[in-house]
Every structure is written in structure tokens, then in C-alpha cells.
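Asks: Chain by chain, the residues:
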Amino acid sequence: MELLEFARGPVLTFAITVFIAGLTYRVFSLFLMWRTKDSSAGRSRQRSAFMSAIREIIRRLWPQATYKQRTMFELVNGYVFHIGLAIIVFLLAPHIVFIKDLVGLSWPALPNNVIYAVSIITIVSLIAALVMRIGNPPQRLISTFDDWFSWTVTFLPVLTGVIATSHLGARYETLLAIHILSVALLLIWIPFGKLMHFFLVFVTRSQTGAHLSHRGAQL
Amino acid sequence: MSDKKTLGEMLTERGVSRRSFLKYASYTASIMALPPTAATAIAQGIAGARRQSVIWLSFQECTGCTESITRAHAPSIEDLIFDFISLDYHHTLMNASGIAAEEAREQAMKDNAGEYIVVVDGSVPLKDDGIYSTIAGITNLQMLEETCKDAFAVIAVGSCATFGGIPGANPNPTGAVPISDIITDKPIINISGCPPIPEAMTGTISYLLAFGAIPELDHLGRPKAFFGEAIHDRCYRRPFYERGMFAKSFDDEGARQGWCLFEVGCKGPVTYNACATLKWNGGVSFPIQSGHGCLGCSEPGFWDMGGFYKPLSTATGDPLKWAGGAAVAGAAIGVASAAMARTKRNKVLKEGK
Numbered sequence: 001m002e003l004l005e006f007a008r009g010p011v012l013t014f015a016i017t018v019f020i021a022g023l024t025y026r027v028f029s030l031f032l033m034w035r036t037k038d039s040s041a042g043r044s045r046q047r048s049a050f051m052s053a054i055r056e057i058i059r060r061l062w063p064q065a066t067y068k069q070r071t072m073f074e075l076v077n078g079y080v081f082h083i084g085l086a087i088i089v090f091l092l093a094p095h096i097v098f099i100k101d102l103v104g105l106s107w108p109a110l111p112n113n114v115i116y117a118v119s120i121i122t123i124v125s126l127i128a129a130l131v132m133r134i135g136n137p138p139q140r141l142i143s144t145f146d147d148w149f150s151w152t153v154t155f156l157p158v159l160t161g162v163i164a165t166s167h168l169g170a171r172y173e174t175l176l177a178i179h180i181l182s183v184a185l186l187l188i189w190i191p192f193g194k195l196m197h198f199f200l201v202f203v204t205r206s207q208t209g210a211h212l213s214h215r216g217a218q219l
Numbered sequence: 001m002s003d004k005k006t007l008g009e010m011l012t013e014r015g016v017s018r019r020s021f022l023k024y025a026s027y028t029a030s031i032m033a034l035p036p037t038a039a040t041a042i043a044q045g046i047a048g049a050r051r052q053s054v055i056w057l058s059f060q061e062c063t064g065c066t067e068s069i070t071r072a073h074a075p076s077i078e079d080l081i082f083d084f085i086s087l088d089y090h091h092t093l094m095n096a097s098g099i100a101a102e103e104a105r106e107q108a109m110k111d112n113a114g115e116y117i118v119v120v121d122g123s124v125p126l127k128d129d130g131i132y133s134t135i136a137g138i139t140n141l142q143m144l145e146e147t148c149k150d151a152f153a154v155i156a157v158g159s160c161a162t163f164g165g166i167p168g169a170n171p172n173p174t175g176a177v178p179i180s181d182i183i184t185d186k187p188i189i190n191i192s193g194c195p196p197i198p199e200a201m202t203g204t205i206s207y208l209l210a211f212g213a214i215p216e217l218d219h220l221g222r223p224k225a226f227f228g229e230a231i232h233d234r235c236y237r238r239p240f241y242e243r244g245m246f247a248k249s250f251d252d253e254g255a256r257q258g259w260c261l262f263e264v265g266c267k268g269p270v271t272y273n274a275c276a277t278l279k280w281n282g283g284v285s286f287p288i289q290s291g292h293g294c295l296g297c298s299e300p301g302f303w304d305m306g307g308f309y310k311p312l313s314t315a316t317g318d319p320l321k322w323a324g325g326a327a328v329a330g331a332a333i334g335v336a337s338a339a340m341a342r343t344k345r346n347k348v349l350k351e352g353k
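Residue numbers (our numbering), protein chains in the order written: chain F, 1 to 219; chain D, 1 to 353.
Bear in mind the hints are in silico, worked out from the structure with no lab data behind them.
Any given hint might turn out to be false.
Straight-line C-alpha distance at most 27 Å; calculated DSSO-like pairs for lysine-lysine [what the hints assert, rightly or not]: (1) 248/D x 279/D; (2) 23/D x 224/D; (3) 37/F x 127/D; (4) 321/D x 100/F; (5) 248/D x 321/D; (6) 310/D x 100/F; (7) 127/D x 5/D; (8) 186/D x 127/D; (9) 23/D x 279/D; (10) 37/F x 279/D; (11) 5/D x 23/D; (12) 110/D x 186/D; (13) 110/D x 127/D; (14) 248/D x 347/D; (15) 110/D x 100/F; (16) 279/D x 321/D; (17) 194/F x 344/D; (18) 350/D x 37/F; (19) 224/D x 279/D.
Just chain D, same shape as in the assembly:
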């Protein structure tokens, strides 16, 4: 539940030193590519803020996004995210269940009308009146519309909530759609990824708390601080791409030498995310560093981009599927046109005689 105390007061009570808090503010400012002076603004903003009520809705998802955010690195300081916010409803993390859980959601909505933030992971099925995913007897669609009605802002986390993700992949049996297809009258921040980078989620929430405003977003509604640059442009293997040195398979000499993974299907050139800079597991590594090409998981329709191991410069599907028919048809038209020309010529010659 929301607290009357400011976050600054609460943190002091919990024994969090001013130094630790400023370090966190500086870290957040730097990963969001804000100027150094913003660290002070973030620190002051967060210290003066009240605990923000957050309602977390999980729809057609795998809980990977929750797994990711609860493993945000910089332990203890990132954990503070859960002290900064009042997580009033979250299936996986809350103690209450059944009616008590739903009552907590309704109470939070009532107490913080117009001020609470809704975080959504998972897509919403629309086919057959949305019966493919229901919670507490209502469809995801009903719960989303009801909960977002009085929200201050909506954060869609994960590729399912932002772009439809795996549930929305071809042939999309449940008619899954992203949150932005349903909620059109509230600010929506998309933090895509399968799952998203933990710091992208915590950093965005911190920004919201500190400034009470939406960070700068790209054309897909994603914070530019995390989704402003392509993986390829920040990849440490980029020089190999430029030199034309590619791994041809996952166990050849090129792969062992750490050459570019473009030819084994890396989608880095068209994927915008901070994996190559922030990395994962506390900055240890990221997929390309571990030897696998980028899947493009933070982009719309990543599941249907023609195959994870198909190079980006190749045609998708089977471009030669009509080649045989085309050759036969072309030849037939050619033969017919030559025959017609011959007939016409013979006719003219005959008449001439």
C-alpha cells in the first residue's frame, strides 16, 4: 500500500546511506544517457517522492520478464526498486491469492486513482471473446481495460506486451495483441525484449519516479536510452563484419576465433537494445559474446523474421517456390509468341505470292 512517508525518509530509516543512494542515482542517470547533473535531480526527485503504487498484470506470458527484473544486478541497490514502489498486485510475487489478491488490486486502484502505474507483461488474446486467458473469472481484456481506466501511465514490459511476442507469432491461435492495441488513451512505455534487460525496466521506473514524466521514446514507444542504438553498431565483433570475417557455422574456426555471426543468422543489425553495452547477469556477457547470434527479441515480430539461423540478407520463405512454374510459363509464352510470329510471316509471304 502507498505510504505517507517520502522515499528519502524511508530509505534513511532502513539504514541506506546517502552515498549508496547517490551512487544509485548516478548509475541510473548514466544508463539512461542523461547528463551528469541529472544524477542530482534523480536523487532529489526520488528522495522527495512518495512510494509509487504499481499494479503488475501478467497475461499471456512465461514469467520470464518477472524473472529478469527480480535478477537486476547491483544487488541491494537495485532491490530498492521494490522499496521505491508499492507493488500492490503481482501474481507471482504477492502473498495473497484468490479473492484477497483481487481485492488488493481494487483497493490500490481506488486509493491511488489517476496516480498508479500499471505494468503489463504478456499479450492479450482477443479471439473468441478472449477466453484463452482469464484471471479471477474475467478475461485479460476486461482486467486490462478496468485496471488502466484510472492509471497515470502504462508500462508494457517484454515483447509479448509490447508487440504480441510469441503468443502473437504466426499463426497467432489466440488472436493475441499488444497492450498498445487496446489502451489508446494513456501514455504507454514499451520495454521490449524476451525478456527485457532488468536495468531497462528499473531505470525507466526510476525515471518515472524521479521526474514524474515519460522518458524520451522511439517510434515504437521504447525509451531511447535503452533502445536508441542497434546491437550491431555497439557489438564488439563489428570489426570482423567490416573485414568480411564470418563464422560459417557454430563450430568452425571462425566461431572459435570470435568472428562476426552475421552468416549464422545474427539479427544485430536490425535489433535495437542495450545488450551489447549493459549486457546481462551483472554485465558478465550477452548472447553474441556467448557465441550465439542475436535473435532480435526486442523487435516486433521477431519470431517470424524468417528463422533465427537465416542470415539477414537472404530472402525469407522459399523464393524459388514458383521458379519451375515460372520457367515453364515463360518458355510457353516464348514458344507461343515465336509461333505466332512465324504464322503471321508465312501468311504475309503467301499473300505476297
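Just chain F, same shape as in the assembly:
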């Protein structure tokens, strides 16, 4: 019980504080970065920067025909665990209660057993993503600590959540505490690694789209 109280109390408060501080730090430092003035004339630019950005966001939701064959599995797998994570985080009743307590918003939940099934699929999908990364030499070569650690801190809350729900290996209060601790680790890491893409993904794609369009790429 003491570990659970420690996790629910000081650890969560600390993790949320670091998460918020890290988030604002990343956003401010990024948006206030200098921007080199591009004096060149846009090459046969047909669209505005805004439209190019929107198009790029949409375009990157699905692979181009050229790469379809090669990247299909990774793409579908990516969708599976991203949607799986979203369902787990936002549609499990105890999670909604946590969010409601924090910010006052709530919505209907899915039955626990549905979330349980989604969690298993997500775990398999995340493991598949890891196997792909390890099995592909160029990808393995360019992988850094950030990649491995980000995968680990994403995987752990799902795994510990399933273990806690299944009452495997220890008493429920201990398993729940470990689950909350793993979530705290995730929250602390998000702003400082590649997981920050949860917030920046469309920002960076917009930038890429606007930039490429200016340079005349036919997107």
C-alpha cells in the first residue's frame, strides 16, 4: 500500500510537473528559434504555405505508390499501436476517471474486456515494431538511445497495465503502483525525446510541406 500511495502522490505530482515544464520548454525553444529568411523566389509555387502544410499532413497519412510495397507492414503496424494506445489511454474507465479528476473532462468508456483485447494487440504490435527495428540493419544502425528508450517507456505502461488487470505475479496494489510508476516515467520522458512527436508531429510535417513546396517539389 505504501508504494501505491507513493506512486499516486509524490511521484505523479513530480511527473506531471516535469511533463508540463518540459512541454512548454520544448514549444517555446522551438517556436522562438531563428528562422533564416528565405529570399529566393518560390519555384513555380502554386499553393500557399498553409495549403502546402495541410496537403503534406494528409499526404503522409498513407505511403506513396512507390514505397507502398516496402513500407506497408510498418505503416499498418504503426497505425495499429498508435490507435491501440489511444483507445487504451482514453477509453478505459479508470483512465477517464484519472483525466476527469485532473482536468474535469469525461466521456463514455469501453468495457474492460475490450480494452484488454486492444492492449494485447497493442503489445504484439509494439513488439513487432521493435523486431522490425532490430531486424533491419540500416534502421538498427541509425537507432539511438532515444529510439530504444522511447520504445521501452511506451511499452512498459501497456505491459504493466495488462499485468495489473490480470493480477499476475504480485498483489494488485503492487502491480497498480508499478503501472503508475511506469506512466510517470513515460510522462517525464515524453518532452525530452522523440515521443514529443505526440505534440509536434503535425507541426513538423507542416514545416516540411511548406518548405518543399517553396522549393518546387511536386507534392
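Start from chain F and add chain D according to the hints.
Replies: What follows is chain D alone, placed relative to chain F:
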């Protein structure tokens, strides 16, 4: 006082039939999750035992534990607990008072040295030399140490004696501690709860009498027979939890339909007790059945678990208490780092020119 006769002989004298006695033995065996054959062993053990001397010490408590045990259900047969044991000292239940009461305690200790059982309810204050609770001119600490010195075993009943309970709750003004913090050289059985289930107390005492040994305990020193499973795992409302059907308040449709009380703060998932199976008041009901979430009263620190009505999956305290400061600090560092980067860049460009 202890009697020379065996319990079997005494019960026969009192007109308790063999059938009633065996029923009691079977009942005890079943609630302690013992195999059916243990009923015979319990019956033989109790019948052959002499009356066990018990000294009951009440410290920082509310007498709720005594209220609970004296209301053990299965009337007449559970009452026999008071025939099985010789309750030589108990503030609330004994006739004697003052010096006579203390003499009864001392006499029992002398007559049954090494054999008597000490039952304690209530926590022991240690702050300021323990002056916050005294009996007969001595502190609870002195009385506990003195009484337990020659005891066979100690049974701590109630959450105050087992884990500090309400007196030990934050900010714990009297420096209250559980019995296990003080008595470390005797076997201690913890029967937690606020109050504990009567059958958990009587069942444990019966086991001690029948087998002369300590029942199997969990990591918190509680008999596994009563504290082996979480309330949540045995709760009749569990299917609603699995289906995601929750009462959102105590007077909504979900509450009326008897749905799961997790969202209104039920601590059943982390509370180990037999409420959902043995129930209370002769098996009539238990808190969740009556429409209120479990408070987790048989767990350590239950008073400080973040609030009775706060769901278990929420953060305790105010997790956003530093959110504003964190946002400002993060933004300030972000602005500073961007400014530094700009300055550095301008310097490089200038030098380049």
C-alpha cells in the same frame, strides 16, 4: 480464571449438545478455509483444551472492536467463545474496576506465565513518553511491555492495533504506533479492520485453541483465511466493473441499479478482507451491498489513502499544484535557450563578416 476442567467437560455440563459443538467446529473449519477433516481436529482440539487465559488490553481505540466481537453472529454458539476462554482482563466487559481489575491482570499473568494470550485493540502513543494514554497510572507502552513479557502469543485486533489506524493517521499527534512496532519477540497475529469481522476474531481464537498454533498469515501478519482475497475479487458487483458500468454518484441511475462503485471511491481492489463473503450482521450485508464503496479499513494507512470518495486510479493530493509554476519555468527556460541560440548565431555571423 483458568479452569482445571477441559472445555469438552465444561460444555457438557452446560448442556451444549455434541451436535451443536460439531456444527460450530465445522463452521469454524469452513470459514478458515480448512479441509473438511479439520472440523474433527478442531472439535477434538477444543474439547481437549483447557480454558485459555486471555488478557484483553484496550489502548487508543473506540471500543468498536469489542462491540464487533460481542455481536458475533450465530448466537449462543459464538457466545461460547467466552466459555472457551477465560477473559481475565477487559476494561469494558469485566465487573472489577480500579485496583481489583489490575490485580486480576497481574494474577492471570502469574498463574499462566508463558501460556496466556494477549489481545490488544488500540494503538500505543509514543510521543512525549506516551502520556497521551494511561491506564492505572502507567502508560500504554508500559502496560503492553509488562503484559506481553510472559505471553504465549499476541493478537492485535482492529486497524489501530495492527497498523496505527485513526490515531496514527496524518498528522498522528500522539505518535501512535501499531503493536508490532513494540512487541518484536512474540508471535503476533494481526486481525485488521475498523472494526474487524467478528468471525475473523472468533475463528482465529478457535484455531489457536484447537491447534495451539498460529494460522497461516499473509505478509502483514493477518490470517490468510480471512485476508487472503481482495474485496473486489469477491464482490458481487464485479461484473459491472468489467462491463464498464459505474455509478457516477450516490443517487444516479447507476447507483440505483447497483452498478460498480469504483468511480465513487471504492477501495475494494486494494483491500483484503472477508466482507464480501462472510458479510456482516449475521451475513445480512456489507458496505458495498448497502450502496457505499469500501473504505479499505483493513489496510495500512486507510485513513490517508487520498480520500474515501476519490477513485483509486486518480492521483492523490493536488498533482497540478506546481503546474502553473512548471509552465512558466519551462517557458522561461525555452525563451532563454532560444535567445542564447540567437545571440550565438548573430555573433558567428558577425565574426564571419
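Asks: Next step is simple, just say for each hint if it's right about the structure.
Replies: We went through each hint and held it up to the structure:
no. : hint          : verdict
1   : 248/D x 279/D : holds, 25 Å
2   : 23/D x 224/D  : holds, 22 Å
3   : 37/F x 127/D  : violated, 71 Å
4   : 321/D x 100/F : holds, 16 Å
5   : 248/D x 321/D : holds, 25 Å
6   : 310/D x 100/F : holds, 11 Å
7   : 127/D x 5/D   : violated, 45 Å
8   : 186/D x 127/D : holds, 24 Å
9   : 23/D x 279/D  : holds, 19 Å
10  : 37/F x 279/D  : violated, 76 Å
11  : 5/D x 23/D    : holds, 22 Å
12  : 110/D x 186/D : holds, 18 Å
13  : 110/D x 127/D : violated, 30 Å
14  : 248/D x 347/D : violated, 61 Å
15  : 110/D x 100/F : violated, 61 Å
16  : 279/D x 321/D : violated, 40 Å
17  : 194/F x 344/D : holds, 26 Å
18  : 350/D x 37/F  : holds, 17 Å
19  : 224/D x 279/D : holds, 17 Å
Hints 3, 7, 10, 13, 14, 15 and 16, counting from the list given before, are not met by this structure.
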